[in-house]
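Participant: The lines below spell out each chain.
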Amino acid sequence: MKICVLVKEVPDAAVQKRIDTGSMRLDRSGENNLNPFDTHAIEAAMQLKEGGELAIDEVVAVTMGPGSAQRALQKAVALGADRSVHLSDDALLGSDVCATGLALAKVLESESPDVVLLGQQSDDGECYTIGAVVADHLKMPSLTQVVGMKVDGNALVCERQAEYGYDTVALTLPAVISVGDAINEPRYPSLKAIMGAKKKPLDSKSIGDVGIDASQVGEAGSQTTVIALNPPPAKAAGEIIEDEDTAETVEKIVAWLDERKLI
Amino acid sequence: MAGILVYALHDDEGNFNKNSLGALSEAAKLAGELGTEAAAVIVGDIADDAAAGLGNYGVTKVYRAKDVTEGLAQPIVDVMAKVITENGFTYALFGGGLLGFEIGAGLTARLGAGVTMEVTKVKVDGGKLISERPILQDSQIADVGYVSEPGIIIGRLNAFDVKESGGTAEVVDVDVELSEWSTKAKLITRGEQRGADIDIEAADVLIGGGRGLGSAEGFEGAEALAGAFDNSAVAATRAVVDAGWWPYAGQIGQTGKTVAPKLYLAVGVSGAIQHKVGMMNSENIVAINKDPNAPIFEFSDLGIIGDLNKIMPKLTEAIKAKKG
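If you read the sequences in order, they're chains R and B. Under this note's numbering, the residues of the first sequence are numbered 1 to 263, in order. Under this note's numbering, the residues of the second sequence are numbered 1 to 324, in order.
There's no promise every hint is true.
To be verified - Dumping the calculated SDA-like pairs for lysine to any residue here, alpha-carbon to alpha-carbon at most 20 Å:
id, chain 1, residue 1, chain 2, residue 2
1, B, 128, R, 226
2, B, 323, R, 254
3, B, 123, B, 184
4, B, 262, R, 260
5, R, 252, B, 307
6, R, 49, R, 243
7, B, 184, R, 148
None of these hints come from the bench; they were simulated from the model.
Using the sequences and the hints given, assemble the complete structure.
Facilitator: Written out as C-alpha cells, the structure reads:
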C-alpha cells in the first residue's frame, strides 16, 4: 500500500507575510519552510507505516509549487517519507482553491495512493478545504480535522470534532484524510535523515506529465478573482505590559480590572 | 432561475444550527437585493412543518433529501450538486462551521466552482455577489468575486445574524442517488460529549486556557484564578480539548461555543482565528502569553507578555486580596 502526503512550502513563521498588490498574490520572496501543519500529516503517515496493521510499502510526499518547494519535500523526506513528487509548472501560478485542488488531484492520481493525508490548513492560505476538493476529484471518501485514527481491516476509523461534539467515522480505503494538529507530536528529524534526504528520489513533473491542460489551472482555471485588498476595520490598540517585575505587573493588572469594575 | 441555496445543518433532535439560520437570513437579504430568491437544503427526516418553518428566515423553498443522513459532507455534496444544477442556483452559501467547509469544498470540485471561505461579509455589486474574506491572520481583507456560476461562499462563525421574517417555505422532496464514494464513509457515532458538562455561556468572567498551560494539571491554576472571581468559569481552546486537558463543553470557537462575557482572561492562548471568532465579542479581553508575537495581542484590550506560571498564582492572590 501507498500513502501520499500532500505538503506545501509556506513563508516561514517569522516572515511578515504580505500580498504583492500587482499580482494580488502572496509575496513568497522571503524565507520559506515546510507548512508546520503538514508535519502532523507526515507523522500520521509514519505511525500508520510503523504500526504495521496496514502493509504500507512507501510514504510519498507530494507538492505543487515553484522550484524552491523542493526544500519542503526534502524536509518531508527527512521526517520519514521514502520519496517525493514535485508538480511544478509556470502555468500553475495564481491557481485558486478550485484550480489547485484539481492539479493536486491529477498528480495524486498518477501515484494511485491508498491513503492521502494532509494537514488541516496551510499557514499562508488558511483555506482548510483542499482535502475535500481533492477527495471529490479522486472519488474517495474523506474527512477533515481528524484527531484520532485507528486501522480496522480495510478502513480507517477516524475521530474528529464537529459542530455538536466528537464524531467517529469509518472510511473505507482508499480515502483522503486531513489531520488536525492535535493528532500527534511530530518527531524531530535525525541528523542522518536530514543529510540523507537529498539522496532520496525526487520526481519532478510538469502539468502535461499528469494530464492537466493549462486552461484548467493557474489564472485561466481559477474561478475566483481578488478584486481589492483593504485594511481591516481600525481597532484601538490594546495596552501592553511586559512582565519584568511580576509583583508590579500583577498590581497593574488588578488596577486595570478594578477600574473597569471587573473584580 | 437564479438564486442562492443555503445548507441548513441540524443536530440529531432536528434543531437547526444558529450559524445556518444566520446564513438563511443573509441569503434572503442578498437574494432580495439581486431580485431573486433564496432556498434551503436539508437532509434527514425533518417533519413538514419544521422544514416549512425555515421560511421564517426568509427562504421561499426548502429542498429536503429525507433518505440522506445528516452529519457527513459528501452525501450532502451529492444533494446540493443536484439541486443547484437542476434549478440553476447561482450561489451556495454556508454559515460558519466545519461541515459547511467540507460540503463547500466538495461542491467546488464537483461543479468546478469558485470558493471563498471564512467570509465575514457579502456585498452585492453589479448584480453579482462579492465576498469579503480576511486573509493573513486577519491583517487584510480581500474582496473576492466569482468568475463563473455558481459561486460558493463559506461564512465565518457568527458572520451572519439571524433575522426572523415570519414566512413559511414550500417544501420540495428530492431523491438523490449518492455517489459511490459518498457511501464509503460511515458515521459510527455523532456528537459525543467528552468530559464534564460545564457551563461557560452564563459566566461573567471566563478564564480561557490554551496550550501554554502546558498540561491538564496546568488547568488547576486557571481554575484557581477563576475561583477568585464571582460567576466565573474556565473555558478552553480546541487544541487542549482535543488533547483531553479540558471538557468539550468548555470549548470556545468554530466547533465549540461562542461567548461574550464581561471579562475574557486568556492564559496561554495564542489566539488562532478559529478561537478568536468564538470570543471576540467579549466586553474586555485580557491576555497573558510569553510569545510577544501571539496573534491574541492583536485583539486584546490588555496584553501581558510574560510567564503565566509566575503571573497567574500571584494574580489569583492579588484579586482575592482586593476583594477582601
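Participant: So if I understand the rule, the pair passes when the alpha-carbon distance is 20 Å or less; does residue 128/B with residue 226/R pass?
Facilitator: holds (14 Å)
Participant: Take the C-alpha atoms of residue 123/B and residue 184/B, compute the straight-line distance between them, and say whether it is at most 20 Å.
Facilitator: violated (38 Å)
Participant: For a C-alpha distance cap of 20 Å, please report whether residue 49/R and residue 243/R respect it.
Facilitator: The hint is violated at about 46 Å.
Participant: Is residue 252/R within 20 Å of residue 307/B, Cα to Cα?
Facilitator: holds (16 Å)
Participant: CA of residue 184/B to CA of residue 148/R, is that 20 Å or under?
Facilitator: Answer holds: residue 184/B to residue 148/R is near 18 Å, not above 20 Å.
Participant: Within a Cα-Cα threshold of 20 Å, do residue 323/B and residue 254/R meet the stated pairing?
Facilitator: holds (11 Å)
Participant: Starting from residue 262/B, check that the Cα of residue 260/R is at most 20 Å away, please.
Facilitator: holds (10 Å)
Consistency note: the structure conflicts with the earlier hints numbered 3 and 6.
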